[in-house]
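Chains U and H, in that order, give the protein sequences.
Residue numbers for the first sequence follow the numbering used here, so the first one is 1 and each next one is one higher.
Residue numbers for the second sequence follow the numbering used here, so the first one is 1 and each next one is one higher.
Be careful, since some hints might not be right.
[Said to hold, decoys possible] Once the Cα atoms are required to be at most 27 Å apart in a straight line, the calculated DSS-like pairs of lysine-lysine come out as:
#1 U:Lys2 with H:Lys139
#2 U:Lys15 with H:Lys228
#3 U:Lys15 with U:Lys2
[Claimed, not checked] Where chain U lies over chain H, by a calculated footprint (3+ residues, C-beta under 8 Å):
#4 36-42
#5 233-243
For the record, the hints were derived by calculation from the structure and aren't laboratory data.
For each residue, glycine too, the CB sits at the ideal point set by N, CA and C.
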Amino acid sequence: MKLLWLEIVKLRYQKRTWIGLIGLAVIPIIVTIAIYLSDGPGSGGPTALPFIAAALRNGIIVPILSLFGLAPFLLPLAASMVGAFTIAGEWETGTLKTILGRPVRRGSLLAAKWGVALLYLFAALLLVFIVAVLSGLVAFGIDDLATPFFTYTVATALWLSFLSYLLALAVVASVVSLAVLFSTITGSSLTAAVMALVLVIVVQILLSFSYFDFLQPYVFTSYFTMWADLFQEPIVWEQIVKGLICTTAWSAGLTGAAWWRFRRRDILI
Amino acid sequence: MNDVVLSTHGLSKRFGEILAVDGLDLAVHAGDVYGFLGPNGAGKTTVIRMILGLIWPTEGHVEVLGKRVPGQREAALRHLGGFVDDPVFYGAMTARRNLWLLGEMSGSAEPERIEEVLEKVGLADRADSKVGGFSHGMKQRLGIAQALLHCPEIIVLDEPTSGLDPGGMRDVRELIRDLGRQGTTVFLSSHLLHEVELVCTRAAIVNRGRVVVEGPVEELRPDGMAVKVVVGDRDRAAEVLGLLPGEPAVVRDGDDLMVTMPDEAVPEMVRRLVAADVDVRAVVPAPERGLEDVFLELTGAQDEAPRPTRRQRWKLRP
């Protein structure tokens, strides 16, 4: 627990912490401006979803559209980088040998770093959510979300949006775990981040071919937009439950592998 | 005899095809200031990494106050502080913040204790500067400060004076001697014989991962030291010296006399010469006849470890 707190203290001193938060917080503002300037539903992308097309002048959809924009690329990118910095970041600067000269377990250190990486990404998503709600409110005002079939109250819509962000975090946790594993293998945070990101993207591309459909349920990248099912009436839980099981399994497996690798690694810096 | 507080048992480390440390057995007793002496590439740093639990021995283990490293690494590190290579800190944080962070990892970090160690290494006035702007020497001092922070019984320092200016070297050596006097056991590696002679009570000379010789520093040195004595009347002086206890070897070297005798007998020699009305113009140490001779003799001309081949270097990379 104390290690977790110390990692948070360290995070505060890193410029990239703040740059990352600002970068992500800008996304909902851009999304708001884009909706504001567009004059109608587009033919592809999220605006093709029925309820969104119907509500393009309602601020309530900004959080969901922002998440939709983040999901395929920026979110895995952020998760890869944050995960990659955990061990390799300190390996690069040489501080890893300094802190391992202290009586802390390597496993505890890894766990603390994993926890803080996830906590940071949770904070970033929360920030995105809040900025999205505020900028939607300022640009369009917030109203009940009316779709062709039913209407969500403001409270329900906000709650479902927030839940979507939490579900996205489950997939983010898997990407973080993957990046942490690479972070314990290589001594370079950049290498680890690129490895994780490339792997995630390559798998996403492979899965876009129907030949690989049989893999779909078992790969965590399939679940980046599983939260979309929350906006069915009634909510379809099947995919979401599958997604939570799948991402949790991957997170546990990858983090376990990272621990196995880091446990007895020679610190030669 | 004091208890053994730090020991290695058949400690070996292999990197690919290179045996960096080869069955090392060392025993450091409580209160020793122990010099771990060897040429560059002799495996000194590798041994210290194994003591700190940073790398896994291929064979053997380290024991710190009965706790095995790597098996009981955390328990051992509560009694031990130190650093390996150049100490590294978080550049964006102040010296005080760094110490706080590291102290918390060892249990707790009281502000008074942090102040105390900063004072001890002479960094009190830079406590609130960011470490990123510190010179090499200051980081070295901060490294010693963090080693002392949790009041460990044993301090392990890897070339603590490397890269320091003469003033800094003197301060650090003084600090190490102080620690020894206060009963802290110090284990320090060095490739400087002079340094080990100055601060250490015991020393081991290593080469190619093996101990070549080990013992109290005085015993490692050849018996006695040689001094050159410049006097007014050589014959009279030789006569007086012949009567000294221990019968030192006297050799005429041109107009001077070369005398080999124990260090502590030098003042007595001078007193006698003066008492016998011999003008003593100078007493100077003769060209170094000390640990250096032993060192060079033992480690031989090839003091470099075999260079790794390209393939091995690749394997060695982190």
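Each hint, compared with the structure:
no.: 1; hint: U:Lys2 with H:Lys139; in the structure: holds, 26 Å
no.: 2; hint: U:Lys15 with H:Lys228; in the structure: violated, 63 Å
no.: 3; hint: U:Lys15 with U:Lys2; in the structure: holds, 23 Å
no.: 4; hint: 36-42; in the structure: violated (count 0)
no.: 5; hint: 233-243; in the structure: violated (count 0)
Consistency note: the structure conflicts with the earlier hints numbered 2, 4 and 5.
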